[in-house]
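Engineer: Sequence:
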Amino acid sequence: GSYSDPNHPSCPRLIAMEGSTVIITGADGNPGCVGGDGQPWKLIGKVDKERAGAELNEIFVDFSPKGGPKDLVGKWEVK
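Everything in the sequence shown is counted per this note's numbering, starting at 1 for the first residue and increasing by one.
Hints were generated in silico from the structure; no laboratory data involved. Heads up, some of the hints might be wrong.
Unchecked claim - Computed Cβ-Cβ distance ranges for the label pairs, DEER-style:
#  : residue 1 : residue 2 : range
1  : GLY19     : LYS75     : 12 to 22 Å
2  : PHE60     : SER2      : 12 to 22 Å
3  : GLU58     : GLY35     : 32 to 42 Å
4  : GLY1      : ASP48     : 28 to 38 Å
5  : PHE60     : GLY35     : 27 to 37 Å
6  : ASP37     : GLU58     : 17 to 27 Å
7  : GLY35     : VAL73     : 30 to 40 Å
8  : LYS75     : PRO12     : 13 to 23 Å
9  : LYS70     : GLY19     : 13 to 23 Å
10 : GLY67     : GLY32     : 14 to 24 Å
11 : TYR3      : LYS70     : 13 to 23 Å
12 : PRO65     : SER10     : 13 to 23 Å
13 : VAL34     : ASP71     : 13 to 23 Å
14 : TYR3      : ASP37     : 28 to 38 Å
All residues carry an ideal CB built from backbone N, CA and C; glycine is no exception.
Let the hints inform the model, and build the full structure from the sequences given.
Structural biologist: What follows is the structure, given as C-alpha coordinates:
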(Lines of atoms letter the chains of each structure in order from A; the text may use other names.)
(Lines give C-alpha, C1' and ligand atoms only; values in the text may rest on other atoms or scores of the structure.)
Protein backbone atom coordinates (compact mmCIF):
# COMPACT_ATOMS: atom_id res chain seq x y z
CA GLY A 1 0.00 0.00 0.00
CA SER A 2 0.94 3.63 0.07
CA TYR A 3 0.38 6.67 2.26
CA SER A 4 1.29 10.36 2.30
CA ASP A 5 3.35 12.32 4.81
CA PRO A 6 2.35 15.99 5.12
CA ASN A 7 5.91 16.82 6.27
CA HIS A 8 7.28 15.56 2.95
CA PRO A 9 4.78 16.44 0.18
CA SER A 10 5.02 14.47 -3.07
CA CYS A 11 7.56 12.06 -1.52
CA PRO A 12 6.86 8.34 -2.00
CA ARG A 13 5.74 6.18 0.92
CA LEU A 14 5.17 2.46 0.27
CA ILE A 15 4.34 -0.37 2.69
CA ALA A 16 4.68 -4.07 1.91
CA MET A 17 4.20 -7.18 4.01
CA GLU A 18 6.19 -10.40 3.72
CA GLY A 19 4.77 -12.81 6.29
CA SER A 20 4.82 -10.87 9.57
CA THR A 21 7.58 -8.51 8.36
CA VAL A 22 6.63 -4.98 7.30
CA ILE A 23 8.89 -3.14 4.84
CA ILE A 24 8.41 0.61 4.47
CA THR A 25 10.28 2.52 1.78
CA GLY A 26 10.22 6.15 0.82
CA ALA A 27 12.21 9.30 0.27
CA ASP A 28 12.53 12.58 2.16
CA GLY A 29 12.94 15.92 0.46
CA ASN A 30 13.57 19.37 1.85
CA PRO A 31 10.69 19.52 2.49
CA GLY A 32 9.10 17.82 -0.54
CA CYS A 33 10.11 15.64 -3.48
CA VAL A 34 8.96 17.78 -6.37
CA GLY A 35 10.49 16.44 -9.58
CA GLY A 36 11.46 13.14 -7.95
CA ASP A 37 14.17 14.60 -5.74
CA GLY A 38 14.70 13.17 -2.27
CA GLN A 39 16.87 10.88 -0.17
CA PRO A 40 15.62 7.27 -0.28
CA TRP A 41 15.25 5.20 2.89
CA LYS A 42 13.99 1.77 3.99
CA LEU A 43 12.60 0.70 7.37
CA ILE A 44 11.75 -2.74 8.74
CA GLY A 45 8.99 -3.60 11.16
CA LYS A 46 6.71 -6.42 12.21
CA VAL A 47 3.01 -7.17 12.63
CA ASP A 48 1.97 -8.40 16.06
CA LYS A 49 -1.37 -10.11 15.47
CA GLU A 50 -1.43 -11.68 18.94
CA ARG A 51 -1.34 -8.35 20.80
CA ALA A 52 -3.87 -6.65 18.55
CA GLY A 53 -7.57 -7.21 18.10
CA ALA A 54 -8.99 -9.48 15.43
CA GLU A 55 -10.04 -6.59 13.16
CA LEU A 56 -7.12 -4.20 13.55
CA ASN A 57 -3.45 -5.15 13.74
CA GLU A 58 -0.63 -3.22 15.34
CA ILE A 59 2.65 -2.78 13.52
CA PHE A 60 5.95 -1.99 15.20
CA VAL A 61 8.48 -0.18 13.01
CA ASP A 62 12.11 0.64 13.81
CA PHE A 63 12.47 4.33 12.91
CA SER A 64 15.91 4.64 14.57
CA PRO A 65 17.73 4.79 11.18
CA LYS A 66 15.80 8.04 10.58
CA GLY A 67 16.40 9.37 14.12
CA GLY A 68 13.06 8.18 15.50
CA PRO A 69 11.96 5.56 18.03
CA LYS A 70 13.01 1.92 17.77
CA ASP A 71 9.47 0.50 18.18
CA LEU A 72 7.00 3.03 16.80
CA VAL A 73 3.48 1.60 17.09
CA GLY A 74 1.14 2.05 14.15
CA LYS A 75 -2.19 0.64 13.03
CA TRP A 76 -2.35 -1.64 10.00
CA GLU A 77 -5.74 -1.42 8.27
CA VAL A 78 -6.63 -3.30 5.13
CA LYS A 79 -8.88 -1.19 2.87
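Engineer: For each hint, tell me whether it holds in the structure or not.
Structural biologist: Checked hints:
no.: 1; hint: GLY19 / LYS75: 12 to 22 Å; result: holds, 19 Å
no.: 2; hint: PHE60 / SER2: 12 to 22 Å; result: holds, 20 Å
no.: 3; hint: GLU58 / GLY35: 32 to 42 Å; result: holds, 36 Å
no.: 4; hint: GLY1 / ASP48: 28 to 38 Å; result: violated, 18 Å
no.: 5; hint: PHE60 / GLY35: 27 to 37 Å; result: holds, 34 Å
no.: 6; hint: ASP37 / GLU58: 17 to 27 Å; result: violated, 33 Å
no.: 7; hint: GLY35 / VAL73: 30 to 40 Å; result: holds, 34 Å
no.: 8; hint: LYS75 / PRO12: 13 to 23 Å; result: holds, 21 Å
no.: 9; hint: LYS70 / GLY19: 13 to 23 Å; result: holds, 21 Å
no.: 10; hint: GLY67 / GLY32: 14 to 24 Å; result: holds, 19 Å
no.: 11; hint: TYR3 / LYS70: 13 to 23 Å; result: holds, 21 Å
no.: 12; hint: PRO65 / SER10: 13 to 23 Å; result: holds, 22 Å
no.: 13; hint: VAL34 / ASP71: 13 to 23 Å; result: violated, 32 Å
no.: 14; hint: TYR3 / ASP37: 28 to 38 Å; result: violated, 20 Å
Taken one by one, the earlier hints fail for this structure at numbers 4, 6, 13, 14, listed in ascending order.
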